[in-house]
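Participant: Protein chains in written order, with the numbering used here: chain A, 1 to 235; chain B, 1001 to 1235; chain C, 2001 to 2235; chain D, 3001 to 3235.
Hints may contain errors.
Unchecked claim - Simulated pairs of lysine-lysine, DSSO-like, Cα-Cα distance not exceeding 27 Å:
(1) B:1228 x B:1100
(2) A:100 x B:1048
(3) A:48 x B:1100
(4) D:3100 x C:2048
(5) C:2100 x D:3048
(6) B:1100 x B:1234
These aren't lab readings, by the way, just hints derived from the structure by calculation. Please read these numbers as outputs of a predicted model, since none were measured by experiment.
Number of protein chains: 4
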Amino acid sequence: MVDVAALSAELSGAGPGAVVKRALLEHGTGAAISFSGAEDVLLIELAKQAELPFRVFSLDTGRLHPETYRFFAVVEQHYGIRIEYCLPDGPAVQALVRQKGLFSFFEDGHGECCNLRKVEPLRRQLSTLTAWITGQRRDQSPTRADVPVVQVDPAFTGQGGAPLIKYNPLADVTLDYVWASLQGFDVPTNALHARGMISIGCEPCTRAILPGQHEREGRWWWERPSDKECGLHKR
Amino acid sequence: MVDVAALSAELSGAGPGAVVKRALLEHGTGAAISFSGAEDVLLIELAKQAELPFRVFSLDTGRLHPETYRFFAVVEQHYGIRIEYCLPDGPAVQALVRQKGLFSFFEDGHGECCNLRKVEPLRRQLSTLTAWITGQRRDQSPTRADVPVVQVDPAFTGQGGAPLIKYNPLADVTLDYVWASLQGFDVPTNALHARGMISIGCEPCTRAILPGQHEREGRWWWERPSDKECGLHKR
Amino acid sequence: MVDVAALSAELSGAGPGAVVKRALLEHGTGAAISFSGAEDVLLIELAKQAELPFRVFSLDTGRLHPETYRFFAVVEQHYGIRIEYCLPDGPAVQALVRQKGLFSFFEDGHGECCNLRKVEPLRRQLSTLTAWITGQRRDQSPTRADVPVVQVDPAFTGQGGAPLIKYNPLADVTLDYVWASLQGFDVPTNALHARGMISIGCEPCTRAILPGQHEREGRWWWERPSDKECGLHKR
Amino acid sequence: MVDVAALSAELSGAGPGAVVKRALLEHGTGAAISFSGAEDVLLIELAKQAELPFRVFSLDTGRLHPETYRFFAVVEQHYGIRIEYCLPDGPAVQALVRQKGLFSFFEDGHGECCNLRKVEPLRRQLSTLTAWITGQRRDQSPTRADVPVVQVDPAFTGQGGAPLIKYNPLADVTLDYVWASLQGFDVPTNALHARGMISIGCEPCTRAILPGQHEREGRWWWERPSDKECGLHKR
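Use the sequences and the hints to build the structure in full.
Facilitator: And the structure:
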């Protein structure tokens, strides 16, 4: 069993690359990178640089931007990997959209749709792992201001119901740091970033932000900031 | 049991509106309109004009254009209906994309992907019906040159395994006829049509055509014309 | 002096390439191709195939699509030519837009703006020539139904006020013919054609057409068909 | 004659609105706002709030984005004004593009094109004024780090060759301040800002920036930062 307190102390100030490497050393292929199709592609680059085997999964909600699907293919090609796509349960989503239409989230909140299209597929994927590696950063939103570099996942369990370790290697770096790294390492990026988007989720629930706006204003803009989590990263 | 030969004789030269109405009278809510999100929206307009209850279903493959999803919502609103979306089986699609990636159709043909994302969901939907109403036209492609106005479906069965009647009310009208009707009746249309698209399918497998090109050149352009059916309309 | 009647008889049924070649042989660099940035690029291809020196001019109204400016550069590069751009008189246009704004044509017709931005610069350019070569086709619009392959220009005079010969090598071919030729000769085309545009003029006065619409419905759509000429091709 | 030192002391810390108002009071219609079509629309809003007559001019280079032209029209409508567009000299620009093509700035720098399309038209406009009001901010670029709130223009002269006063009401506020003001006052903005653009100039010389990039990286990106002025704001 991983001693999270010790690991946390060890990784204090270690830098994103060291955290990714440590996670892969600790868990091997019991760990997987959660890749949203945005700037968290840096995690894949860092795993590649660690020269250790690594796994990547992505949630294909069925409502992503065409550009994001193409970016997934570019990343698979660039890194010579296969992404483990996680799809929602067809009948459950079908029942929702037949009853409420394809845009019910604008009426009664993104929770119901996110739960079916993101949280449940994630839960299934996580139940096969001992650890996951995410792109969460403290500067992303008020809901993420306390994200630690390593933690026992407060919301999900891993393989066989065991506690799941959650690594957030980017927790204490900034958006600017991530982008400087992406450009320095010449990492391919999602074409949507050149159209004013920073944080990228499902197509209907993502929009470009204006100059001076915080990146999180491009997500679920019709809801309160404190509600802007899809359930993947519960506290 | 419907006498297709008699019906066919009766509907000879009857016009699209009369065919739609006859289908609804014959089958009631055992019939449903198959709506792709393109100019076949005319079928919905004609059903509305028939002043009879009608049902509409659409195949949501998980890879449609954002504009098509928005158009579905516009159509639901405009006609005061709920579309019966038909989603693919999550695990089957997940297995395909994990093994071959998200764009395998460019490598080994659209058949495998269409089968999972379109044909199987259609088969399930048709198995609840006694008849379906499609937007097929003879001028659409060489594969559709013989489409009759009414037929026993040669590929699918209906409720309880019974023969399924297939109505093609637009079989002997032209693309120009359809568009003149849409404008004459002031029917909402998919925004993609104003970006050079005529026939509209999944996003990666649809493209705008150039002046002088046949509409079918915008679909599965890397394959032979005689292969350009997704399996919904087998002969 | 060119005998237009004899030339017309000679070129009857000759085909676009032969007409272009004949014009270049007759007039040398006294002739120039008028290139709008659309499918009339075929004229340049045909001139190239004639293996004779040729000149090209284009009207840069200051309101063209960014894609058209880029296409001009592509054409210059592809054919190793310099296009003779014809710009409007700055003070005259400035006076118009200060008085009526940048979109007055939507209010009181395109005549005033076209006159300053197209007709006057064309007049200046034509006054240096003995002949010009245009992309007019009879199938383009009711206003062009009688276009001859060769004529004395009914509206403009040439060098020193002499009669100006006007060649319309595409007069009796169709849009489909032009596009088949462009593809057959692998000619670069304006990126706007892949976004639903056929006829291309100034950006505010051009729009994509819908399936089944005539190409001319993409130009000055708020005016009557019989008014849809900018003054370049008076009868 | 304006005592710039005294005015500068008076306006120290006064805030953008006060500076705009003071300029209008001092110069009346001898002053004019220079409006680029970007976030400097705030100057127009502040002039409106000052409840004094004011003039606005814009440089129409003939290569602006279609969205910028449309924004000019929106601003004219919203504020009930006519913008004094300043167009370049037709023959001079025509000579340049005939000789070097439409994109020579990518080869030998933006100076030559900017000089013809921006600086000369500006010089003509300024020669009719006693003062101009600009949107320069110190945080925009290294070339603007010392911009004062008010100064004698170091590059241009005004009416009759007299010294020209230059007001920079936004000199010491930030991009975030400007955007918060625009949203607070519900000011219309250029649609390009919702596509990743901050600083907006001519279409070929402007691009969207990536997350983490400075706004000035969207302008003349093939040149050195210290060269990124078009000559309007010489030091």
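Participant: For residue 100 of chain A and residue 1048 of chain B, compute the direct alpha-carbon distance and say whether it is at most 27 Å.
Facilitator: holds (21 Å)
Participant: Run the distance test for residue 1228 of chain B versus residue 1100 of chain B: straight-line Cα separation, threshold 27 Å.
Facilitator: Holds - the C-alpha atoms of residue 1100 of chain B and residue 1228 of chain B are around 21 Å apart, at most 27 Å.
Participant: Need the status of pair residue 48 of chain A, residue 1100 of chain B: alpha-carbon distance at most 27 Å?
Facilitator: Within the cut-off at roughly 21 Å; holds.
Participant: Run the distance test for residue 3100 of chain D versus residue 2048 of chain C: straight-line Cα separation, threshold 27 Å.
Facilitator: holds (21 Å)
Participant: Given the proposed pairing of residue 2100 of chain C with residue 3048 of chain D, does the C-alpha separation stay at or below 27 Å?
Facilitator: holds (21 Å)
Participant: Take a quick look at whether residue 1100 of chain B and residue 1234 of chain B sit within 27 Å of each other, Cα to Cα.
Facilitator: holds (26 Å)
Consistency note: the structure conflicts with none of the earlier hints.
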